[in-house]
Amino acid sequence: MTAYTPPLARLIEQLQKLPGVGPKTAQRLALHILKQSEDDVEALAQAILAAKKQVGFCQTCFHLSADKTCPICRDQQRDNKTICVVTDSRDVIALEKTREYHGKYHVLGGVISPMDGIGPDQLNVQPLVRRASFPEVEEVILAISPSVEGETTTLYLGQLLRPFVRVTQIAFGLPMGGDLEYADEVTLARALEGRRELVNS
Amino acid sequence: MFLRRLHLRQFRNYTDQKVQFEAQKTILVGNNAQGKSNLLEAVELLATLNSHRTSRDRDLVQNEQTTGQITATVERKHSTIELGILLRKQGRRTLKLNTETLRRQMEFLGQVNAVQFSGLDLDLVRGGPEIRRNWLDALVIQLEPVYAYILQQYNQVLRQRNALLRRLKQEEMRSLSEGEKMQLALWDSQLAANGSRVTRRRARVLGRLVPIAQEWHRLISGAKEQLEIHYTPNVPWTQDNPEQVQQAFLSKIEQRRTAEKYQGRTVVGTHRDEIELVINNTPARAYGSQGQQRTLVLALKLAELKLIEEVIGEPPLLLLDDVLAELDPNRQNQLLEAIQGRFQTLITATHINAFDAQWLNASQIFSVAAGEVSNF
Ligand SMILES: Nc1ncnc2c1ncn2[C@@H]1O[C@H](COP(=O)(O)OP(=O)(O)O)[C@@H](O)[C@H]1O
Ligand SMILES: [Mg+2]
Ligand SMILES: [Zn+2]
Chain S
0 MTAYTPPLAR LIEQLQKLPG VGPKTAQRLA LHILKQSEDD VEALAQAILA AKKQVGFCQT
60 CFHLSADKTC PICRDQQRDN KTICVVTDSR DVIALEKTRE YHGKYHVLGG VISPMDGIGP
120 DQLNVQPLVR RASFPEVEEV ILAISPSVEG ETTTLYLGQL LRPFVRVTQI AFGLPMGGDL
180 EYADEVTLAR ALEGRRELVN S
Chain H
0 MFLRRLHLRQ FRNYTDQKVQ FEAQKTILVG NNAQGKSNLL EAVELLATLN SHRTSRDRDL
60 VQNEQTTGQI TATVERKHST IELGILLRKQ GRRTLKLNTE TLRRQMEFLG QVNAVQFSGL
120 DLDLVRGGPE IRRNWLDALV IQLEPVYAYI LQQYNQVLRQ RNALLRRLKQ EEMRSLSEGE
180 KMQLALWDSQ LAANGSRVTR RRARVLGRLV PIAQEWHRLI SGAKEQLEIH YTPNVPWTQD
240 NPEQVQQAFL SKIEQRRTAE KYQGRTVVGT HRDEIELVIN NTPARAYGSQ GQQRTLVLAL
300 KLAELKLIEE VIGEPPLLLL DDVLAELDPN RQNQLLEAIQ GRFQTLITAT HINAFDAQWL
360 NASQIFSVAA GEVSNF
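Chains as they are written, first to last, in numbering that gives the first Met the number 0: chain S, 0 to 200; chain H, 0 to 375.
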């Protein structure tokens, strides 16, 4: 758009690539940034770069983490006997907010979806199988959203893990449009509490 | 149920039009391309969230605009409700019931019921199996809104399974690895689980519809013709029980394994079902005149009307788009007798003289010109 001088246009274009940011919001954010002091803008830019450079995945559970092992995996107070399997890090954050779960997590990094070229090999499945076979692990809770792809992933993990560990599935009601992220805390806590044995269908 | 008010904003060729319905029968008259079918389409959307004319919302939004809106007041037996559909040229719809924004289609469906009958419906007899499947599916959705979700799940499983088969086809020179077999088995069982839901509901609804359609057909044809409707699922089954039907799917998948491998797509499932229409032991498509085919479609529509009324407990709306003029006087009378005063009916026509005087007296008449509705 000609009303923007090129550097401003570039900033708006970049902001607009972010999820949930449309042209209007992008313009508002950009104009706000230009009004801030240079120090504040510098801090924002640094924070973005530093986060990108430093945050990787926990070697054990694949949750986002700046250290090789994330604080949840390191926490001695947490129960080693259960592993809750989720699709991505957003789900860990949603479940942690309920403060109802005290075990460990495992982040798959997606769900099985041939349309997107994602099969079990593209997910963190092998490390999960290894962890689940440790003697101290008594239960694996599958907390994957009940979309077609999520259900298929649940089915697959059930077949894989059931031979050597108890596998349960959290109780979703009717589909809530999919994501754990959008479930409120009470719903999530109930879903965890009402989990049931995974049966082969 | 009674549609009391309809408000169309930036919908098709309507900029901002309110319509207030006062009689059981409404006649919309106007030349071609003025907006008569567009108005009926809005009601169809309220009832099914689908239009039989397009599957893209950007066609529904008025040209040059980015959003369009349909709102309606519907009087039901026990309550009056406000419905709203916000359509976007890009992006998802927003659905409203009273003042609440709904997250699931399912909660919106079933608030208004309607049966649409247009000249295009002759395709039910003449067209391919897909047209008949879509027709039946639309009816099942009105009767059992959860079916909209079931169908969506089935289609998603189909897309995923096709993607996997397509990929495996590229490796057709070698046999599948254990991992690949396991993956395919997962999608086999998903197809069986979801396909079983689809086929059982189709069979159940058709089972209730057929006797009513046959009865109407006998009446309209003067008992000269015998109508039969056969549901021929791609995966045949006999016992209406989920395990058995799923087992039938898995057996057929096993049987067609090689074909699927070479074609690289799913050849087993409800996306290949057929609903056969037969008159006097001959496929209706091949049988008889246009008039006889119209009789058949009319019988199907009247049966839909009656079945919805039976299941929902309230008479649905009837939308007659340009069909009245196409029916001969005898069939017109059959239709009018069937409707009587019970079903709120919206009728479009290009000329008012297609109706008899009694009808005109009992109807509210609007004229439609260039996206504006006014008293006739
Ligand atoms: N998205 C749209 N925006 C504006 N006009 C439209 C749109 N879609 C269709 N129309 C117009 O609506 C008219 C057709 O209306 P329709 O209801 O089918 O006519 P009829 O009165 O013959 O039933 C045409 O003039 C067409 O150009
Ligand atoms: Mg028309
Ligand atoms: Zn960790």
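It is worth saying that the hints were derived from the structure and are not from the lab.
Since this is a predicted model, take the numbers as computed values, not measurements.
All C-beta atoms, glycine included, are put in the ideal place defined by N, C-alpha and C.
Any given hint could be a false lead.
The calculated DSS-like cross-link candidates involving lysine-lysine, where the alpha carbons are at most 25 Å apart (straight line), are [what the hints assert, rightly or not]:
#	chain 1	residue 1	chain 2	residue 2
1	H	Lys76	H	Lys95
2	S	Lys16	H	Lys95
3	S	Lys23	H	Lys88
4	S	Lys34	S	Lys16
Covered stretches of chain H, going by a simulated chain S footprint (3 or more residues, C-beta under 8 Å) [to be verified]:
#	region
5	156 to 166
6	176 to 187
So, going through the hints one by one against the coordinates:
1. H/Lys76 - H/Lys95: 20 Å, holds
2. S/Lys16 - H/Lys95: This hinted pair is violated, its Cα atoms lying about 29 Å apart.
3. S/Lys23 - H/Lys88: With Cα atoms ~17 Å apart, S/Lys23 and H/Lys88 stay inside 25 Å; holds.
4. S/Lys34 - S/Lys16: 21 Å, holds
5. 156 to 166: It holds: at least three residues are needed, and the region 156 to 166 of chain H offers 7 whose Cβ sits within less than 8 Å of chain S.
6. 176 to 187: With 5 residues closer than 8 Å to chain S, the region 176 to 187 of chain H meets the three-residue bar; holds.
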